[in-house]
Amino acid sequence: MTHSQLLQKIEDLGYKGLKESYERQCEDINYTKMSFEERLYQLLDAQDIFLKNKKITMNHRLSKIKDKQAALDAIEYNPKRHLDKAQIQSLAQLNFITAKQNIIITGKTGTGKSYLAQAYANHAIHYSYKVCYVRMPSLLEEIRLARIDGTYINVLKKYSRFQLLVLDDFGVIPMADNDATNLFEIIEDRTSINSTIITSQLPVSEWYSYLNNNTVADAILDRIVHSSHRIQLSGPSMRKMNSLAQNVEY
1 MTHSQLLQKI EDLGYKGLKE SYERQCEDIN YTKMSFEERL YQLLDAQDIF
51 LKNKKITMNH RLSKIKDKQA ALDAIEYNPK RHLDKAQIQS LAQLNFITAK
101 QNIIITGKTG TGKSYLAQAY ANHAIHYSYK VCYVRMPSLL EEIRLARIDG
151 TYINVLKKYS RFQLLVLDDF GVIPMADNDA TNLFEIIEDR TSINSTIITS
201 QLPVSEWYSY LNNNTVADAI LDRIVHSSHR IQLSGPSMRK MNSLAQNVEY
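Numbering of the sequence shown is given in UniProt numbering, commencing with residue 1 and proceeding in unit increments.
Keep in mind the hints are simulated off the structure, nothing from the lab.
Quantities reported herein were computed from a predicted structural model and do not represent experimental measurements.
Treat the hints with care, since some could be wrong.
[What the hints assert, rightly or not] Pairwise CB distance ranges (calculated):
| hint | residue 1 | residue 2 | range |
| --- | --- | --- | --- |
| 1 | I88 | L145 | 32 to 42 Å |
| 2 | H229 | K52 | 34 to 44 Å |
| 3 | H229 | I56 | 19 to 29 Å |
| 4 | V225 | S35 | 21 to 31 Å |
| 5 | T215 | R161 | 39 to 49 Å |
| 6 | Y77 | K9 | 46 to 56 Å |
| 7 | N178 | L13 | 19 to 29 Å |
| 8 | R147 | Y41 | 47 to 57 Å |
| 9 | V225 | K130 | 21 to 31 Å |
| 10 | D222 | E141 | 18 to 28 Å |
| 11 | I88 | I148 | 14 to 24 Å |
| 12 | T2 | I88 | 47 to 57 Å |
| 13 | Q69 | K9 | 49 to 59 Å |
Every residue gets a Cβ at the ideal spot worked out from N, C-alpha and C, and that includes glycine.
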């Protein structure tokens with residue numbers, strides 16, 4: 001069998017990662033010093049890495065995360081933010097996902113709630129978890145429309161399957177009729193099955209009155225709050241500080 005025939009066969013099978021590794025082996029004489037088993041392992045490992053990276057890329061695209069560059073190692077631990085570095089790093093182990101627990105991130109506008117939530121989401125995708133990001137106003141509007149066009153059950157199924165769901169901007173708009181009930185259905189389908197991160201300008205103590213439905217509020221808070229890790233952000237607006245830093249003349 002010729003070299004070109006072998007390459008064509010690899011190409012036909014769609015083993016792109018293996019092909020690139022094989023071509024490197026053919027160009028580097030150092031590989032001739034390795035055993036057949038070692039070279040084969042490197043080829044298979046290259047294909048495995050290629051498939052994992054492909055999956056990560058696809059999950060990122062499907063996640064609808066706005067800030068795909070948000071990263072936990074880029075978080076600024078300014079003393080005024082009162083961030084608990086040990087807590088942030090502990091949650092980065094993602095044990096909260098395997099334990100089916102949640103994270104609630106609260107703080108005033110601009111303090112970095114969305115960035116932190118998306119940093120965890122990006123981190124989870126890197127470890128092959130299926131993730132989805134959605135702003136709460138968009139989610140509630142999607143559910144309202146789904147009830148009208150008959151796709152409500154499909155929407156519930158869609159959001160229930162993600163191992164990590166980020167609900168950003170909870171509490172930024174008034175709750176319309178049935179919004180609390182619709183949100184409860186999303187939460188209920190995920191309870192004890194998958195994890196959710198919620199960001200909000202409202203302190204948790206105000207969620208009950210915001211939901212404006214005592215029965216549903218009790219049910220939602222019982223399912224979310226008691227199984228959540230809490231992160232309270234404070235300090236100046238990070239958005240404003242970053243803007244000022246970019247405008248500084250050197």
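Hints and how they fare:
no.: 1; hint: I88 - L145: 32 to 42 Å; verdict: 36 Å, holds
no.: 2; hint: H229 - K52: 34 to 44 Å; verdict: 28 Å, violated
no.: 3; hint: H229 - I56: 19 to 29 Å; verdict: 25 Å, holds
no.: 4; hint: V225 - S35: 21 to 31 Å; verdict: 57 Å, violated
no.: 5; hint: T215 - R161: 39 to 49 Å; verdict: 27 Å, violated
no.: 6; hint: Y77 - K9: 46 to 56 Å; verdict: 53 Å, holds
no.: 7; hint: N178 - L13: 19 to 29 Å; verdict: 52 Å, violated
no.: 8; hint: R147 - Y41: 47 to 57 Å; verdict: 54 Å, holds
no.: 9; hint: V225 - K130: 21 to 31 Å; verdict: 24 Å, holds
no.: 10; hint: D222 - E141: 18 to 28 Å; verdict: 26 Å, holds
no.: 11; hint: I88 - I148: 14 to 24 Å; verdict: 41 Å, violated
no.: 12; hint: T2 - I88: 47 to 57 Å; verdict: 55 Å, holds
no.: 13; hint: Q69 - K9: 49 to 59 Å; verdict: 39 Å, violated
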